[in-house]
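The listed protein sequences correspond, in order, to chains A and B.
Residue 1 is where the first sequence starts when you use UniProt numbering, and the numbers rise one by one after that.
Residue 1 is where the second sequence starts when you use UniProt numbering, and the numbers rise one by one after that.
None of these hints come from the bench; they were simulated from the model.
A hint or two may mislead.
Said to hold, decoys possible - SDA-like mimics (lysine to any residue), calculated; alpha carbons at most 20 Å apart, straight line:
1. K135(A) <-> V17(B)
2. K137(B) <-> K135(A)
3. K305(B) <-> K135(A)
4. K135(A) <-> A19(B)
5. K305(B) <-> S69(A)
6. K305(B) <-> S70(A)
7. K135(A) <-> R23(B)
8. K305(B) <-> Q112(A)
9. K135(A) <-> V15(B)
10. K137(B) <-> E78(A)
11. K305(B) <-> G111(A)
12. K135(A) <-> L376(B)
13. K135(A) <-> L18(B)
To be verified - Listing some non-contacts, in silico: residues in chain A with all C-beta distances to chain B over 12 Å:
14. E15
15. T25
16. F28
17. P30
18. D64
19. V67
20. R82
21. H83
22. T98
23. R133
24. G176
25. G189
26. R219
Quantities reported herein were computed from a predicted structural model and do not represent experimental measurements.
Glycine included, C-beta positions come from ideal geometry on N, C-alpha and C.
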Amino acid sequence: MLEAVRLHKRYHQGELDVVAVDHFTYAFPPGLTAIVGPSGSGKTTLLNLLAGFDVPTEGEVRLDGRVFSSLSEDERAEVRLRHMGFVFQQWNLIPTLTALENVAFPLMLAGQSLRERTERAQALLAAVGLEKRAKHLPSRLSGGEQQRVAIARALALDPPVLFADEPTGNLDSASGARVVELLLAQAQGGRTVILVTHDLELSCKAERVLHLRDGRLTRIETPSAGLTEAAQSL
Amino acid sequence: MALVCLRKTLILLGVEVLALVYRNLRARPVRSLLTLLGIVVSTASMVLFLSFGEGLRRALGAELSRVGPAILVVPEGAEAFSPGYPELRPETLEAIRRVAPSLGIVQVIPTAVFARGGLDPSSSFVFQGLPAGVTPKDLYPNLGLAQGSMDPGASGAVVGGGVAQRNNLGLGKTLRLSPQVSLRVVGVLERSGGLTDSFIYVPLSAIHAVLNTANYSSILVAIEPDRRAEEVARALEERVPGIDAQTTGDVMRFAERAVRISDLVRFGISLVALVVGGLLVANTVMMSVYERIREFGLMRALGAKRRFIFGLVLLEALVLGLVGGLLGLLLGQAASGLVNWFTLREVGLALSAVTLRLASFALLVAVVLGLVAGFLPARTASRIRVVEALGRV
Numbered sequence: 001m002l003e004a005v006r007l008h009k010r011y012h013q014g015e016l017d018v019v020a021v022d023h024f025t026y027a028f029p030p031g032l033t034a035i036v037g038p039s040g041s042g043k044t045t046l047l048n049l050l051a052g053f054d055v056p057t058e059g060e061v062r063l064d065g066r067v068f069s070s071l072s073e074d075e076r077a078e079v080r081l082r083h084m085g086f087v088f089q090q091w092n093l094i095p096t097l098t099a100l101e102n103v104a105f106p107l108m109l110a111g112q113s114l115r116e117r118t119e120r121a122q123a124l125l126a127a128v129g130l131e132k133r134a135k136h137l138p139s140r141l142s143g144g145e146q147q148r149v150a151i152a153r154a155l156a157l158d159p160p161v162l163f164a165d166e167p168t169g170n171l172d173s174a175s176g177a178r179v180v181e182l183l184l185a186q187a188q189g190g191r192t193v194i195l196v197t198h199d200l201e202l203s204c205k206a207e208r209v210l211h212l213r214d215g216r217l218t219r220i221e222t223p224s225a226g227l228t229e230a231a232q233s234l
Numbered sequence: 001m002a003l004v005c006l007r008k009t010l011i012l013l014g015v016e017v018l019a020l021v022y023r024n025l026r027a028r029p030v031r032s033l034l035t036l037l038g039i040v041v042s043t044a045s046m047v048l049f050l051s052f053g054e055g056l057r058r059a060l061g062a063e064l065s066r067v068g069p070a071i072l073v074v075p076e077g078a079e080a081f082s083p084g085y086p087e088l089r090p091e092t093l094e095a096i097r098r099v100a101p102s103l104g105i106v107q108v109i110p111t112a113v114f115a116r117g118g119l120d121p122s123s124s125f126v127f128q129g130l131p132a133g134v135t136p137k138d139l140y141p142n143l144g145l146a147q148g149s150m151d152p153g154a155s156g157a158v159v160g161g162g163v164a165q166r167n168n169l170g171l172g173k174t175l176r177l178s179p180q181v182s183l184r185v186v187g188v189l190e191r192s193g194g195l196t197d198s199f200i201y202v203p204l205s206a207i208h209a210v211l212n213t214a215n216y217s218s219i220l221v222a223i224e225p226d227r228r229a230e231e232v233a234r235a236l237e238e239r240v241p242g243i244d245a246q247t248t249g250d251v252m253r254f255a256e257r258a259v260r261i262s263d264l265v266r267f268g269i270s271l272v273a274l275v276v277g278g279l280l281v282a283n284t285v286m287m288s289v290y291e292r293i294r295e296f297g298l299m300r301a302l303g304a305k306r307r308f309i310f311g312l313v314l315l316e317a318l319v320l321g322l323v324g325g326l327l328g329l330l331l332g333q334a335a336s337g338l339v340n341w342f343t344l345r346e347v348g349l350a351l352s353a354v355t356l357r358l359a360s361f362a363l364l365v366a367v368v369l370g371l372v373a374g375f376l377p378a379r380t381a382s383r384i385r386v387v388e389a390l391g392r393v
């Protein structure tokens, strides 16, 4: 389980101290959790901290009980490789690698043989309905197809945690729906899916919605149960 | 353990990595080609510069292998084969002849060299005077006769194949060494492809008359087959004062020292081109790193470690260095062939040689160039922060 404990991130902008994430505490259970909030509310910084792209000023991120945020850069990269998958809004794929090679990339980093990773990547592309686009470079794929390749790649090493940052932000509604469907399937399969979005319609599909404002967790909604809790009580 | 490491390395050098390197270089074809051209030209210039040293070594080795007598006696302190004014006095010749039986010396051939130079190689002549009864074949056993006689006799000249062709010296032509001394061509040698092609063999008395001396330039000494040339040479130096007795090995060692010094000078000059080539690679790879910051950030986000990114960028520079080195080697070889075509035509000597040793050195330099040039960009790429690279600040 991924846990954030009093996670705090402060930046210096000239003489100003900017608090991007303010003592955020939450344990992410399996299933789909959406993080929502207006622009500048700290969603992206929070995801950076949770994924180990950045280190907190205070507090810590734990993965299965082990403190993850204080590891070295390379150790955090190793944890990301084995335990986390990522789908970003843009710049998702390596432009000079084909769809198949993009999906196989983390498998190569993990040391799998060429045959193993090719078979696995082909199966994953088939699972997202892109087996016929395996040899295409990202520039030959539509936005929706690129996101599906990114989902296939995120699942390559079967990680327990999946991060999706505005995964449908640049997509038309049909492509977006397909991407959401794939993410929901992962959440229903028992994976922890953390979705950062400002699309309220999309966030309604989540089991839990965390509302951020000025870096603080202000509200937790459970749309399916219709319950709202006060974040301050956590 | 070693096998596990090897397997890991091979996997990390996977098709995806090779595809990344290849497609990235291909994605910017003009820039990659220009960079490659920089390395090709710098490597080719280095190969050509250094090929002169190799050519000299090879030519000298070939010349020496053609020399029949094992020891060359020259005045003390003189360079081997120096065509200077004859300094060995007749008493020295007598002294050598006196000690000859005790040292296993079977033949003593005094010669005198007279060079008549000109700015143009085709108007330069080297005359080698031989004593009566000695033919050029006694000095250079591999020589073959094309026309006439091998023996210049008392007033004849035997002309090397190269000089005969270049100056149209056929049988019966007259050679004027000085206003008083003229000789008639009595023999023309086959071309041998070496220095001897440019020699004209004349009677020793003619050289003595031209230079108005009874001295000799060098004395060639042949020894019994079971004697060691080095030992005889050292004994000869001890017993006959004022001489240097040089064996083929001595000459080679002396020449090697001289050629090595000139190698260093030529390498120094080509280093300028190499540095320029290296800077081109560094510039290209650095620009490529800056353009692909998001890509490297994505790789790091996906779990790539710093050393993976470092290796990837370094590999790109290495590929540029290696491919540029190989093409540069081919271009250098072609240029060396062109130089040889020219020098063979003009002076009958192949001056340039691209040996295996030189080719390996050139490739090694190109690879090291790639690695050194790629180091800084690779370090920069590996230190990119994920949040900044992905624009997630």
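Hint check results:
Among the hinted pairs, K135(A) with V17(B) is consistent with the structure: their alpha-carbon atoms are about 16 Å apart, no more than 20 Å. The hinted pair formed by K137(B) and K135(A) fails the criterion: a straight-line CA distance of about 72 Å is larger than 20 Å. At roughly 26 Å between alpha-carbon atoms, K305(B) and K135(A) are farther apart than 20 Å, so this suggested pair is violated. Proximity of K135(A) to A19(B) is assessed by CA-CA distance (about 12 Å); at most 20 Å being required, the pair is judged to hold.
Annotation: proposed proximity of K305(B) to S69(A) holds, straight-line Cα distance about 16 Å (limit 20 Å). Between K305(B) and S70(A), the direct Cα distance comes to roughly 16 Å. Compliance with the 20 Å bound is thereby established for this hinted pair. Restraint check: the Cα-Cα separation between K135(A) and R23(B) comes to about 14 Å, which is no more than 20 Å; the hinted pair holds. Distance restraint check for K305(B) and Q112(A): the Cα-Cα separation of roughly 16 Å lies within the 20 Å cut-off, and the hinted pair is therefore satisfied.
Only pairs whose Cα atoms come within 20 Å are accepted, and K135(A) paired with V15(B) is accepted, the gap being roughly 14 Å. Distance restraint check for K137(B) and E78(A): the Cα-Cα separation of roughly 78 Å exceeds the 20 Å cut-off, and the hinted pair is therefore not satisfied. For the suggested pair K305(B) and G111(A), the alpha carbons sit about 13 Å apart, so the restraint of at most 20 Å is met. Of the supplied pair hints, the one linking K135(A) and L376(B) is violated, its CA atoms being roughly 33 Å apart against a limit of 20 Å.
With a C-alpha separation of about 16 Å, the suggested pair K135(A) and L18(B) falls inside the 20 Å cut-off, and the hint holds. Listed as outside the interface, E15(A) is consistent with that label: its C-beta sits roughly 19 Å from the nearest C-beta of chain B, beyond the 12 Å cut-off. Remark: the non-interface label on T25(A) is consistent with the geometry, its nearest Cβ contact in chain B lying 22 Å away (cut-off 12 Å). Every C-beta of chain B lies more than 12 Å from that of F28(A), the closest at about 19 Å, which supports listing it as non-interface.
A cut-off of 12 Å between C-beta atoms confirms that P30(A) is not in contact with chain B; the least separation is 22 Å. Every Cβ of chain B is farther than 12 Å from the Cβ of D64(A); the closest lies at roughly 17 Å, confirming the non-interface assignment. With a least CB separation of 19 Å from chain B, V67(A) remains clear of the 12 Å interface cut-off, as annotated. The Cβ of R82(A) does not lie farther than 12 Å from every Cβ of chain B; its closest approach is about 7 Å, which violates its non-interface assignment.
Once the 12 Å rule is applied to beta carbons, H83(A) is inconsistent with being away from chain B; the minimum gap is 9 Å. Separation of T98(A) from chain B is inadequate, the least Cβ-Cβ distance of about 8 Å not exceeding the 12 Å criterion. For R133(A), the shortest C-beta to C-beta distance to chain B comes to about 17 Å, beyond the 12 Å cut-off, and the non-interface label holds. Annotated as non-interface, G176(A) keeps its C-beta farther than 12 Å from every C-beta of chain B; the closest such distance is 21 Å.
A cut-off of 12 Å between C-beta atoms confirms that G189(A) is not in contact with chain B; the least separation is 21 Å. The Cβ of R219(A) sits about 24 Å from the closest Cβ of chain B, beyond the 12 Å cut-off, so the non-interface label holds.
Hints 2, 3, 10, 12, 20, 21, 22 from the earlier list are contradicted by this structure; the remaining hints agree with it.
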